[in-house]
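Participant: One letter stands for each residue in the lines below.
4 protein chains.
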Amino acid sequence: MAGNSFGEVFRITTFGESHGSAIGVVIDGCPAGLEIDLAFMQSEMDRRKPGQSAITTQRKESDTFQIISGVYEGKTIGSPIAILIPNEDTKPQDYDHLKAAYRPSHADFTYEEKYGIRDHRGGGRASARETAARVVSGAIAKLLLRRSGIEIQGYVSSIGELTLDKDYTQLDLSLTESNIVRCPDPQMAEKMIAAIQDVRAAGDTLGGTVTCVVKHAPTGLGEPVFDKLHADLGKAMLSINAVKGFEYGSGFAGTRLKGSQHNDAFSHDASGKVITITNHSGGVQGGISNGMDIYFNVAFKPVATIMQDQQSVNKAGDDITLSGKGRHDPCVVPRAVPIVEAMAALVLADHLLRSKVSKL
Amino acid sequence: MAGNSFGEVFRITTFGESHGSAIGVVIDGCPAGLEIDLAFMQSEMDRRKPGQSAITTQRKESDTFQIISGVYEGKTIGSPIAILIPNEDTKPQDYDHLKAAYRPSHADFTYEEKYGIRDHRGGGRASARETAARVVSGAIAKLLLRRSGIEIQGYVSSIGELTLDKDYTQLDLSLTESNIVRCPDPQMAEKMIAAIQDVRAAGDTLGGTVTCVVKHAPTGLGEPVFDKLHADLGKAMLSINAVKGFEYGSGFAGTRLKGSQHNDAFSHDASGKVITITNHSGGVQGGISNGMDIYFNVAFKPVATIMQDQQSVNKAGDDITLSGKGRHDPCVVPRAVPIVEAMAALVLADHLLRSKVSKL
Amino acid sequence: MAGNSFGEVFRITTFGESHGSAIGVVIDGCPAGLEIDLAFMQSEMDRRKPGQSAITTQRKESDTFQIISGVYEGKTIGSPIAILIPNEDTKPQDYDHLKAAYRPSHADFTYEEKYGIRDHRGGGRASARETAARVVSGAIAKLLLRRSGIEIQGYVSSIGELTLDKDYTQLDLSLTESNIVRCPDPQMAEKMIAAIQDVRAAGDTLGGTVTCVVKHAPTGLGEPVFDKLHADLGKAMLSINAVKGFEYGSGFAGTRLKGSQHNDAFSHDASGKVITITNHSGGVQGGISNGMDIYFNVAFKPVATIMQDQQSVNKAGDDITLSGKGRHDPCVVPRAVPIVEAMAALVLADHLLRSKVSKL
Amino acid sequence: MAGNSFGEVFRITTFGESHGSAIGVVIDGCPAGLEIDLAFMQSEMDRRKPGQSAITTQRKESDTFQIISGVYEGKTIGSPIAILIPNEDTKPQDYDHLKAAYRPSHADFTYEEKYGIRDHRGGGRASARETAARVVSGAIAKLLLRRSGIEIQGYVSSIGELTLDKDYTQLDLSLTESNIVRCPDPQMAEKMIAAIQDVRAAGDTLGGTVTCVVKHAPTGLGEPVFDKLHADLGKAMLSINAVKGFEYGSGFAGTRLKGSQHNDAFSHDASGKVITITNHSGGVQGGISNGMDIYFNVAFKPVATIMQDQQSVNKAGDDITLSGKGRHDPCVVPRAVPIVEAMAALVLADHLLRSKVSKL
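Residue numbers (the numbering used here), protein chains in the order written: chain F, 1 to 360; chain C, 1 to 360; chain S, 1 to 360; chain B, 1 to 360.
Take these hints with a grain of salt, some might be off.
Where chains are identical, the list cannot tell them apart; a pair therefore holds if satisfied intra-copy or between any two copies.
Cut-off 20 Å, straight-line C-alpha distance, at most; resulting in silico cross-link-like pairs (PhoX-like, lysine-lysine) [as the list claims (entries may be wrong)]:
1) Lys325 to Lys99
2) Lys315 to Lys75
3) Lys99 to Lys75
4) Lys215 to Lys273
Think of the hints as simulated: they come from the structure by calculation, not from any bench.
Whole structure, please, built from the sequences with the hints as guidance.
Facilitator: In structure tokens, the structure reads:
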């Protein structure tokens with residue numbers, strides 16, 4: 001009932017604070033017999049880790065992980081998979097000035113209100129460091145999905161005012177990882193990088209959007225009426241730090257179309273498989289995947305930690321002025337791409353397993 | 001693991017198909033001792049029911065409900081509250097032509113794929129009729145929330161291309177129910193009604209957005225890291241038929257601001273209570289309510305049932321042309337307002353109860 | 001989190017009070033495509049219903065049921081199956097004298113303490129009438145299990161001091177339903193019936209035990225480490241009204257054996273299938289079924305309602321003397337047989353579905 | 001849906017294999033603000049750990065534990081509490097001969113059947129080593145319960161044929177820890193120790209029973225109709241390795257009483273508090289605690305690993321003879337006492353928190 005678990009069958013429970021000894025995750029419900037590709041898992045961690053480029057925080061975490069249980073001789077054995085990710089480059093003293101202060105648009109105040117106590121160091125449990133546990137478990141989910149041919153790819157579709165004017169079908173997504181901002185349009189990528197460097201120089205920050213595409217999902221994933229596939233995807237994305245919105249398929253823009261424009265006519269492909277001619281539905285109809293591409297957008301607010309003075313209050317109730325300190329990202333959106341993918345993989349893996357018992 | 005339950009403590013399980021004998025809901029976890037206001041509950045049902053105005057479907061359902069259990073002498077007694085809502089005005093024969101056909105952008109095809117069988121009459125389980133069960137249980141959630149002073153109000157903020165250019169703080173929300181489109185701006189309401197009547201005449205449909213505001217929620221609601229308050233609100237909204245997107249606080253527009261513009265500085269009100277000067281956070285920080293207004297937008301696609309010929313396929317795999325038939329809404333957004341409110345009430349009631357055990 | 005649901009995949013939620021309009025159940029997670037045999041379901045209900053013989057309560061309930069949803073043209077369709085069982089022969093006035101009184105060894109006092117309010121009529125939610133909802137959903141579980149060849153049979157193995165001195169392998173279980181006490185040994189059955197008639201004449205009551213055998217369960221059912229098959233069976237049985245104990249396989253008697261006596265040596269049957277030569281394990285090892293017969297005993301206390309004066313207290317705190325009234329069973333154990341079977345079926349069906357995702 | 005979590009609000013997820021690097025647990029839902037008494041936690045671990053006396057296995061595990069998260073400056077902070085218990089004295093080579101063999105009455109065969117793969121070293125996940133994770137989390141549950149005055153005490157009530165003929169009210173439970181067999185009757189304790197030493201000498205093993213008493217539980221714990229307090233206690237106990245039965249209050253013996261003998265008449269104590277004069281109900285009526293002592297018995301089978309030759313089969317399907325090897329307990333019942341207490345504490349803590357939302 002506390003909220004640190006996600007998924008019904010493929011279920012993760014994450015734990016750990018930013019400046020404790022480690023963070024980690026327990027995966028319960030991964031089927032036995034899955035081969036674990038450690039190199040792939042580390043490569044996913046490397047995509048998320050801090051300090052990977054000039055536009056991320058300079059905190060240095062190798063994000064190496066230890067599998068404590070659930071894997072034997074390279075395969076899952078059906079028991080819970082516990083994974084530990086040590087916190088290496090912690091500087092708790094950087095946060096001494098925040099022990100009693102509430103940073104604007106952070107979780108300091110609300111944690112204090114809810115729990116009556118908090119670990120203020122690096123945001124404690126509210127730190128985005130927790131997402132490393134999502135990425136490492138998402139990597140295992142991806143290994144499971146890969147067996148069914150399901151692929152997930154995310155990319156940065158906007159940074160601040162800079163927005164890609166092409167949709168994913170018009171882009172070469174294989175270029176995503178070719179630049180540090182993870183935008184598959186090289187020209188736009190350069191502009192985005194420059195914009196991030198500009199705000200960093202000004203002690204300011206930017207937000208943006210990640211678009212994610214799931215290809216080759218089978219029909220039948222999603223559990224009406226509450227655990228619709230897109231509803232679980234939405235919750236997964238909204239549970240990521242700094243996310244403010246989620247839309248799939250035609251999304252908010254689709255509200256401005258008429259039904260006759262928006263409906264996806266059914267037809268067949270060459271093999272006789274039922275397809276839709278357009279895909280405003282985003283691969284999901286009635287909460288269940290229809291075999292077309294699933295795609296969605298996730299909105300990230302600008303990073304709350306800025307290197308500027310801000311008005312705030314402290315625990316005692318005094319007005320204070322907070323100055324920015326510590327190591328932070330000027331824009332988390334590029335690092336959010338593997339996190340979005342990981343959460344999508346966790347949802348898809350869960351629903352893939354759930355769908356095994358839908359019919360006789 | 002099937003998806004017909006929602007909530008952890010205040011938990012509903014809905015059931016029923018559009019053209020069966022009844023739909024209904026079981027609420028488990030409503031605290032004992034709550035006074036049940038039947039007139040209020042019926043008034044909420046009346047806001048959702050079909051046939052209430054010129055711009056809704058003409059299916060006639062009184063949406064009267066029977067409380068089967070869990071209430072004794074006017075109060076909840078702690079046992080499950082089962083509520084039945086008979087289906088009255090069913091015309092199953094209207095759907096005979098759809099027994100083997102897949103309507104575009106409906107759930108016909110995906111239900112068939114997932115379950116290998118379906119009740120085609122009126123969409124069966126995928127019909128929006130199911131939302132009546134949400135509204136009746138949401139009404140009880142509202143009664144619970146009311147005891148804590150929490151109020152929820154939704155309104156239509158756009159229909160098709162017609163979008164209110166004021167935010168909720170600039171509107172008189174008490175005007176919402178004064179017109180059939182549920183838009184608190186009377187001039188805009190007239191335009192919206194006219195637009196809906198126009199598309200109906202053309203056999204077409206419209207979508208739009210509902211904005212919802214929760215006032216007087218206490219601090220401390222929401223369960224990091226996965227069951228963040230806004231993540232559960234998002235899932236709740238995305239589980240409603242025809243919803244394509246969810247954003248809270250600054251939402252997608254907030255991604256275009258800089259951190260220095262977006263951050264909500266802390267201050268105090270006259271009574272000494274901590275407040276934020278702006279509220280881009282939408283009343284939620286780190287997934288936990290901060291005591292400010294919670295507000296969010298929900299995107300509804302245009303209704304999929306149109307009175308025009310459409311290309312499709314049938315179960316046998318043949319190409320077919322479908323003609324629109326039956327009684328349908330040209331635009332569901334006005335009727336969606338009480339549904340959005342109900343789902344918000346269910347989330348808030350659940351988190352209000354969950355928050356009781358967060359600390360000693 | 002309230003406790004009216006049972007099962008993870010094949011999940012039931014029961015509702016209803018003894019003297020409300022109806023009781024019922026919602027089954028969520030029954031796979032689509034299961035043929036529903038209404039006559040079989042009613043026959044199961046008839047085995048449990050009151051008034052069926054001279055040794056049961058004379059309350060007359062036909063225990064007919066209505067399937068509200070989830071079944072179309074005779075088959076399950078994957079949506080929740082709601083079933084209503086009207087309460088017909090209610091005599092709420094029989095309970096007026098109990099409105100403020102606490103019957104010894106009943107739930108009156110504890111419900112009042114927990115909820116601050118109660119429906120005193122016929123025990124309200126605490127009435128064994130609730131078990132009708134278990135039996136009707138257990139019947140559907142049995143239909144599902146039957147497809148895998150799994151059979152469940154219970155019988156009365158003791159009434160008061162009268163205890164069968166043979167185990168199930170020495171009995172002809174097909175005789176169980178040939179007498180009203182449901183004991184497969186005809187001589188013992190006669191003694192048991194006589195004993196029940198004697199206590200009834202004395203205004204007193206008896207307890208006893210039900211033994212239940214599950215045949216042809218496949219290997220692999222049960223989810224270590226907490227949801228061991230026998231742990232879920234135990235919880236299921238202990239959740240039935242009046243149950244005081246559960247043991248499986250060698251049970252309490254097995255604690256007196258040595259390891260060398262108790263261990264079940266492995267061997268093969270003629271077909272090469274792995275079997276154990278003895279079955280002290282009761283068909284479950286390490287919490288997982290091993291393909292042998294699963295068998296267990298369930299202890300039922302004597303019925304708490306006696307037709308004698310008893311010392312008690314009332315809500316106001318006064319000492320009172322309670323006289324027995326109303327229609328009650330002198331011994332519930334014979335009627336408990338189908339309830340035990342139903343709960344076993346629900347556990348088995350749930351674990352059968354859960355086991356589908358244990359390995360790739 | 002996999003079975004490695006227990007509890008609804010105070011919820012644990014355990015992980016780890018006997019011969020992996022560590023085992024551990026994540027507790028989600030412990031309220032913030034609880035003071036963590038590390039010395040007490042270690043003392044509980046010491047009661048369970050192997051090698052503590054002449055009648056236990058000689059495997060040497062210090063069972064020191066590391067709290068990874070969820071505790072800051074000596075108090076819980078509301079985030080998940082992850083605890084790691086390293087495996088120190090592993091001798092995986094001791095198990096090489098079991099890689100393909102199935103030990104009688106162990107989980108080797110069933111794990112292989114369920115998962116298609118297993119970690120054979122020391123029983124892998126099925127090892128009783130897993131219970132260390134229960135004890136360490138149970139210790140935190142006890143700290144929580146202690147704040148409400150709730151106390152839990154277990155003791156050995158039988159070993160093999162040796163059975164205490166007094167119930168807990170006739171014993172001085174403070175003597176339980178004064179001898180290595182944890183029997184509060186010193187004379188009986190000596191006999192039990194001698195019996196265990198005898199079977200060890202013969203390469204054989206013994207079973208027995210643990211009785212557990214919960215004092216000062218408030219009224220109102222337990223969630224009808226499925227999560228009755230005793231049903232959850234029963235499941236908790238049955239989930240412990242080697243447990244074959246559970247009974248509470250009058251248990252199986254109570255089935256032989258008449259209602260007039262068994263019923264617990266209500267009265268008042270000197271302070272006016274409602275009590276029952278007898279306590280056949282075992283402190284639970286209708287599944288809800290009534291404020292009296294809660295007591296129950298747990299049956300443990302004799303240890304399956306014996307130092308004698310046994311007939312078995314291997315994975316290839318050959319008949320084999322297995323010889324006993326490795327370090328094992330001749331009787332686990334004394335070490336089971338803290339495990340039984342821990343599981344009871346977890347159930348009570350969970351229900352204490354769940355009861356907070358039963359009424360307004």
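Participant: Hint by hint, note whether the structure agrees.
Facilitator: Hint check results:
no.	hint	result
1	Lys325 to Lys99	within (13 Å within a copy, 56 Å between copies)
2	Lys315 to Lys75	between (49 Å within a copy, 19 Å between copies)
3	Lys99 to Lys75	between (44 Å within a copy, 16 Å between copies)
4	Lys215 to Lys273	within (15 Å within a copy, 43 Å between copies)
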